[in-house]
Amino acid sequence: MTPPVLLDVRGVTKRFGGFQALNAVSLQVFERERFGLIGPNGSGKTTLINCVSGALRNDEGEIRFEGRDITRLPAHQRTRQGIARTFQIPRPFSTMTVLENLCIPAEYAAHARSHGADVAGEAMEILELIGLDAKAGTRAAGLTQIELRKLELARALAVKPKLLISDESMAGLSSAEVDEILAILFALNERGIAIVMIEHIMRAVMRFSQRIVVLDAGERIAEGGPEAILGNAAVEKAYLGE
Amino acid sequence: MFSFDLLLDVVVAGILIGGFYAAVSLGITVAFGLLDVVNIAHPAFVILGAYGAYVANSRFGLDPILAGLLGMPVFFLLGMLVYRVYYTSFEKRGEESLRGLVFFFGITFIIEVSLLLQYGVDYRSVEAAYVGETIALGPVDLPFRLAIPFAVAIALTVALHLFLSRTFYGRAVKAVSQDQLALRLMGASPVRIKALAFAIAIATASIAGALLIMIGPVEPSVGREYIGRVFAIAVLGGMGSIGGTLVAALILGVLESLTSTFYGPSWALAVSFGILLLVLAVRPAGLFGR
Amino acid sequence: MGGRALLAVAVALVAVAVALTRVLDNQYYYFAAYVILQYIVLATAWNILGGYTGYVNFGSAAFFAMGAYTSAVLIKAFGAPLPVLVVAGGLVSGLLGLGIGYLTLRLRGVFFAIATLALAVVLQTLIMNWRYVGGSRGIYTIRPAEVPFFANYVELLFVVMLLLALGALATAWWIEHSWVGRGLMAIRDNEEAAECMGVPTLKLKLLATTVSGALMGIAGTPFPYYLTYMEPTSAFNLDYAVNSLAMPMIGGTTTWVGPLVGAVLLGTVQQVATVTISSALNLLIVGVVVVAFVILAPEGIVGLFRRKVGKARA
Chain S
-5 MTPPVLLDVR GVTKRFGGFQ ALNAVSLQVF ERERFGLIGP NGSGKTTLIN
45 CVSGALRNDE GEIRFEGRDI TRLPAHQRTR QGIARTFQIP RPFSTMTVLE
95 NLCIPAEYAA HARSHGADVA GEAMEILELI GLDAKAGTRA AGLTQIELRK
145 LELARALAVK PKLLISDESM AGLSSAEVDE ILAILFALNE RGIAIVMIEH
195 IMRAVMRFSQ RIVVLDAGER IAEGGPEAIL GNAAVEKAYL GE
Chain C
2 MFSFDLLLDV VVAGILIGGF YAAVSLGITV AFGLLDVVNI AHPAFVILGA
52 YGAYVANSRF GLDPILAGLL GMPVFFLLGM LVYRVYYTSF EKRGEESLRG
102 LVFFFGITFI IEVSLLLQYG VDYRSVEAAY VGETIALGPV DLPFRLAIPF
152 AVAIALTVAL HLFLSRTFYG RAVKAVSQDQ LALRLMGASP VRIKALAFAI
202 AIATASIAGA LLIMIGPVEP SVGREYIGRV FAIAVLGGMG SIGGTLVAAL
252 ILGVLESLTS TFYGPSWALA VSFGILLLVL AVRPAGLFGR
Chain Z
9 MGGRALLAVA VALVAVAVAL TRVLDNQYYY FAAYVILQYI VLATAWNILG
59 GYTGYVNFGS AAFFAMGAYT SAVLIKAFGA PLPVLVVAGG LVSGLLGLGI
109 GYLTLRLRGV FFAIATLALA VVLQTLIMNW RYVGGSRGIY TIRPAEVPFF
159 ANYVELLFVV MLLLALGALA TAWWIEHSWV GRGLMAIRDN EEAAECMGVP
209 TLKLKLLATT VSGALMGIAG TPFPYYLTYM EPTSAFNLDY AVNSLAMPMI
259 GGTTTWVGPL VGAVLLGTVQ QVATVTISSA LNLLIVGVVV VAFVILAPEG
309 IVGLFRRKVG KARA
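Going down the list, the sequences are from chains S, C and Z.
Heads up, the first sequence is in this note's numbering, so the first residue is -5 and it goes up one at a time.
Heads up, the second sequence is in this note's numbering, so the first residue is 2 and it goes up one at a time.
Heads up, the third sequence is in this note's numbering, so the first residue is 9 and it goes up one at a time.
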């Protein structure tokens, strides 16, 4: 029995002036799934994520979350419904401490749905899980690159999401750091969060994903499990050329 | 009393002054449209240019346009200096626009009040032999004090357009707003290019100021009227498009001229504000925007 | 300091002020104090939008003048009492803030700033053409002959402005320590991230603009009585735009204390200086100081103080 569909993207198209970034892209993410989204640079991955999270409005098509149409909703309401994302280039609240950074989504997104009071306590728990608890009182501006990536994930977790979109969280990290982030993502998935991973680091994507969708030039060109994608000629052509 | 002749004169005057507005706005189109630097101090630099022309004219008898041209290298260097300070203090730190805006506001202030202290609130104007004349072109009267600035403004606009589209540095300026990495690979330093572009923008203020004082007398607070106008034009024209700036400036000029003649001069300012708000509310990309 | 301690201080201040009016006769001090208190309101109001939220308002004079002219109209038409004036002025200026915000806040912060600049110029033009309030020739307002409790009306205005200043500070204090303030600061630090973290950015920005505008208008409501003769250039004076921006930037923008420090310091200096130097030179110095602070000490005096204290502890 397949789990219910969490995210349903139907025929999403997005243009920037004359440039077609996404062309009728459709895909589905199931509850608790580990989903990989890959494709060469400029294929539209981040644009699609921006449309799903609400940072951009798609020109055509529909986006449904838990069966509800969220296409017209502003981003902050989609977050409250349970969609969280990280940013490719970390965007911390630089004047705030690490803990305060988490309190924002905890207060604004998570508590919209469940009325608890101990925002700071919950935030500390998340920091312990991610491994940033030692830095709770440090200003975000003073973190290292990998700590910033972890902060992005911690903040996304503070949303209490049902779907977490990790946008190239591992880019530019060392091999050991990649493993750290991967472990965190697995742990989050254990907690019941569906995770969409956008990455260029193939070993991470292949290890992590249960299902993968490949985009190229704004279109979906392949879908399947890791082995199927590895052997797919169209995917090879998209990445390596003819 | 309404007459076709009057209407024609008003529209023509609007076109002529619109051309001049374009010259004033070019600096914003480059600084804000291409470099994303919100230089609200640009009108203050224009006033500075106007006073420069005034001094050259009253002290040394120089033709104002010549004075404006001679001032360009000085303003260019000034622009370089200002940009360096701006870049080191704000852009490099990645600070949001707040502090940059306050910086330029402070500069506007410093320029305006310095001029006030030096020259007082009296209106200043220039003397040039041809300024008082009018030429008749068919049914239309073209006063020289509007027509000459119009001609110079158009020349400046065309020159800037050619620079941006035909020369290496010009194209680099256009590129720097879009792809800094490619620019580096081409061997040009993005910071240098941006400083160059900003300096050129300030240099245009020298000529624009000379034209301003030809059109009418000037006193230090005149710059404030132009802030609204200039940004209305930049936004309407689609930020970063030289051609768009020209068209938008002409439109604004004509609308202001019509409003001023049929409703009174004090309402003319409301026109630019109204256009600005309207464009922002309806189509923020402007007429020709990306 | 905790909220209760601050409240106690505020009450004590009011008591002291009232006592002072019994003892001190020299009207000059009340006039000077009124101006400084007025700036406390303006600087605090500016900072709610500028310092907390990161959106610069260059047209403080517009909101201030709208409060002043709303008062003038209500006094002329109905002889309305002071509390009504304060509420009405706040309402009108608050709506103005909401309006400008609604039109421009969905775009980048830059456009809001430019719109406020243009707004001040246009509103001044409108007022100058409005004969009911005297247009460019100005309007006379006669102070009420009967003054309850105080020796004269100026002393009353002084205490009223003190109450308004305390109210403004209390508003800023509350915002800063509440979920609203945290949301605003998230917007300031990274608006796109804030939106994605569940912060309703547009709503909060509109709230900040409305509150900020309303407080500025409130600062202007006793103005017709204070001046007795008001014309557009005094109500729309550039001083207001520059000072309400300079005071928080110099004092410190991240906390409610900053604008207070900036207003008291800069306001006092200006009051003393206007006697000795021209107002133009005064403004020039302010401009230079603001630019210097923005470049060198972006966190203002409060920031410098905090760093010193931090170093002393470390």
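Just so you know, the hints here were simulated from the structure itself, not pulled from any lab data.
A virtual CB, placed ideally from N, CA and C, is assigned to each residue, including glycine.
Fair warning: there could be bad hints in the mix.
[Claimed, not checked] Ranges between beta-carbon positions, derived for each pair:
| no. | chain 1 | residue 1 | chain 2 | residue 2 | range |
| --- | --- | --- | --- | --- | --- |
| 1 | C | Ile155 | Z | Leu90 | 56 to 66 Å |
| 2 | C | Leu67 | Z | Ser144 | 36 to 46 Å |
| 3 | S | Gly5 | C | Pro285 | 44 to 54 Å |
| 4 | S | Gly12 | Z | Phe86 | 53 to 63 Å |
Status of each hint after checking the structure:
The hinted range of 56 to 66 Å is satisfied by Ile155 of chain C and Leu90 of chain Z, whose Cβ atoms lie roughly 57 Å apart. Taking 36 to 46 Å as the suggested C-beta distance range, the pair Leu67 of chain C and Ser144 of chain Z conforms, at roughly 38 Å. Taking the beta carbon of each, Gly5 of chain S and Pro285 of chain C are about 27 Å apart, not inside 44 to 54 Å as hinted. Taking 53 to 63 Å as the suggested C-beta distance range, the pair Gly12 of chain S and Phe86 of chain Z conforms, at roughly 60 Å.
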